[in-house]
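Q: In my numbering, the protein residues as written are 21 to 256.
Do not rely on the hints blindly, as some may be mistaken.
[Unchecked claim] Straight-line C-alpha distance at most 30 Å; calculated BS3-like pairs for lysine-lysine:
no., residue 1, residue 2
1, Lys107, Lys45
2, Lys191, Lys107
3, Lys244, Lys45
4, Lys107, Lys244
If you're looking for bench data, these hints aren't it; they were derived computationally from the structure.
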Amino acid sequence: MLTDTEDGVDRADCSLVIPAYNEEKRIRSLLEDISGFPGDLIFVCDGTDATPAVIGAFADDHPSLRIRCLTFPARLGKGGGVVAGMKAASTPFVGYMDADGSTSLAEMGRLFDRLATVDGAIGSRWVPGSVLTVRQGFRRRAESRLFNLLVRLLFGLDYRDTQCGAKAFRKEALDTVLSSIRSIGFEFDVELLWRLRRSGYRVEEVPITWENRDESKVGASDAKEMLLGMVRLRFG
């Protein structure tokens, strides 16, 4: 049931997409943390380890949960994985979060509830009201601010944090832009927000409680590809 009130949305009408590339070491912990979610849990596995087997075993042990595990033989990229999960979703509301557990299920619930009045809600670590229980190092924070400046200059987006891995959208808005998405890497978030803005959808930035996890998969080569990808997207 679509609930368009300030009280929020029905969690059973929500899908949560989780890209899980080679996450066998920590996916069980995440599964335990989000096992109370009554909507669809869509995992996208495009790695080479036993992540799908761990998810499958957990699903067998918890038949009441709505767990789906999509597997792919080749790497999709962060953006490609999220798009695959979003296209597979069939609920009115769709969100995605990182597999590292830096965002809690309760925080994702807050983002979903914002969809009662807006088309999208993105978690932000850089707006008043955000709580960073474990901060990133100085270098990562500096890189984040530089990246955000480039996003503003290239795309005119006024969000302070496009890269936080916690976002939720109305499915009808996503269906309008997903076929146009070209980015498959970490710059995907920027393209998604840019295309939604150009299509006239309202996406709200929401302060979030967030905990940095050391095992980030964003390396120097990924950062370079993000920058090149944004330039190609904007001028290509």
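Q: CA of Lys244 to CA of Lys45, is that 30 Å or under?
A: 27 Å, holds
Q: Given the proposed pairing of Lys107 with Lys244, does the C-alpha separation stay at or below 30 Å?
A: 28 Å, holds
Q: Would you mind confirming whether the straight-line C-alpha gap from Lys191 to Lys107 stays at or under 30 Å?
A: Holds. Lys191 to Lys107 sits at ~9 Å (cutoff 30 Å).
Q: Need the status of pair Lys107, Lys45: alpha-carbon distance at most 30 Å?
A: Judged against 30 Å, a Cα distance of about 27 Å means the pair holds.
Going through the hint list in order, the structure satisfies each hint without exception.
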